[in-house]
Amino acid sequence: MIHITLPDGNIKAFENPITGFDLAKSISEGLARNCVAMELNGNRVDLNAQISQDAKVRLITSADPEALEILRHSAAHVMAQAILHLYPAAKLTIGPSVEDGFYYDIDMEPVSEIDFPKIEAEIQKIIKSKLLFKRKEVSKSEALDFYKAEPYKLEMISDLQDGTISFYEQGDFTDLCRGPH
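Under our numbering, the first residue of the sequence shown carries the number 307, and numbering increases by one thereafter.
No lab work stands behind these hints, which were simulated from the structure alone.
Hints are not guaranteed to be accurate.
Unchecked claim - Result set (DSBU-like, lysine-lysine): computed pairs, CA atoms no more than 30 Å apart in a straight line:
id, residue 1, residue 2
1, Lys431, Lys331
2, Lys331, Lys362
3, Lys397, Lys424
4, Lys318, Lys331
5, Lys431, Lys362
6, Lys397, Lys442
7, Lys442, Lys331
8, Lys318, Lys440
9, Lys434, Lys397
10, Lys397, Lys362
11, Lys440, Lys424
12, Lys397, Lys318
13, Lys331, Lys434
14, Lys436, Lys331
15, Lys331, Lys397
16, Lys424, Lys436
17, Lys434, Lys446
18, Lys434, Lys362
19, Lys440, Lys454
20, Lys440, Lys362
Note that this is a predicted model, so its numbers are computed, not measured.
Using the sequences and the hints, build the whole thing.
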């Protein structure tokens with residue numbers, strides 16, 4: 307039996323491993339709809355992360371202060387995906403959430419305000435397709451091989467310690483990322 311302790315002290319018991327999303331759903335459908343991530347034993351993780359042993363879990367909803375940072379980072383991924391659809395030769399660097407929004411550093415031909423409607427339309431198309439963010443963990447050598455044509459990603463991966471490296475996939479887009487989304 308897996309015992310999950312919630313912030314209010316309630317303990318939920320499950321016979322099998324469960325995802326954060328399914329935990330939220332077991333409490334209420336509305337909670338599940340409003341969750342953006344969870345804290346599992348003090349670490350922020352995706353809602354699709356498995357809880358396979360006794361744990362302390364705090365579900366992060368859109369009302370929590372840290373939710374905006376997570377959502378902004380997800381928005382950066384969507385924007386990067388849209389840019390690559392429209393400008394396939396673009397090279398991505400980093401796309402963090404910042405205090406007032408988010409950005410993505412991209413090495414590409416200059417764009418102007420004339421291009422913004424086309425980029426925004428592609429972003430909306432991606433959002434409407436409701437693609438899921440899927441975490442994938444690979445070895446450092448697999449990550450280096452995957453990004454062999456991406457000099458900025460290769461540089462970042464080279465600076466990481468050996469071990470597991472996480473990617474996030476959404477449809478045809480994959481990015482080097484710690485998450486959560």
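Outcome of the hint check:
1. Lys431 to Lys331: holds, 28 Å
2. Lys331 to Lys362: Holds, at about 17 Å.
3. Lys397 to Lys424: holds, 19 Å
4. Lys318 to Lys331: With a Cα-Cα distance of about 12 Å, the restraint between Lys318 and Lys331 holds, given a limit of 30 Å.
5. Lys431 to Lys362: The given pair, whose Cα atoms are some 37 Å apart, is violated under the 30 Å limit.
6. Lys397 to Lys442: holds, 21 Å
7. Lys442 to Lys331: holds, 24 Å
8. Lys318 to Lys440: holds, 26 Å
9. Lys434 to Lys397: holds, 25 Å
10. Lys397 to Lys362: This hinted pair is violated, its Cα atoms lying about 40 Å apart.
11. Lys440 to Lys424: holds, 26 Å
12. Lys397 to Lys318: violated, 45 Å
13. Lys331 to Lys434: holds, 23 Å
14. Lys436 to Lys331: Measuring from Cα to Cα gives roughly 19 Å; hence the hint holds.
15. Lys331 to Lys397: violated, 39 Å
16. Lys424 to Lys436: With a Cα-Cα distance of about 19 Å, the restraint between Lys424 and Lys436 holds, given a limit of 30 Å.
17. Lys434 to Lys446: violated, 33 Å
18. Lys434 to Lys362: Roughly 34 Å between the alpha carbons, so the hint for Lys434 and Lys362 is violated.
19. Lys440 to Lys454: Roughly 21 Å separates the two Cα atoms, so the pair holds.
20. Lys440 to Lys362: Distance ~23 Å between Lys440 and Lys362 Cα, so the pair holds.
Consistency with the previously given hints fails for numbers 5, 10, 12, 15, 17, 18, ordered from lowest to highest.
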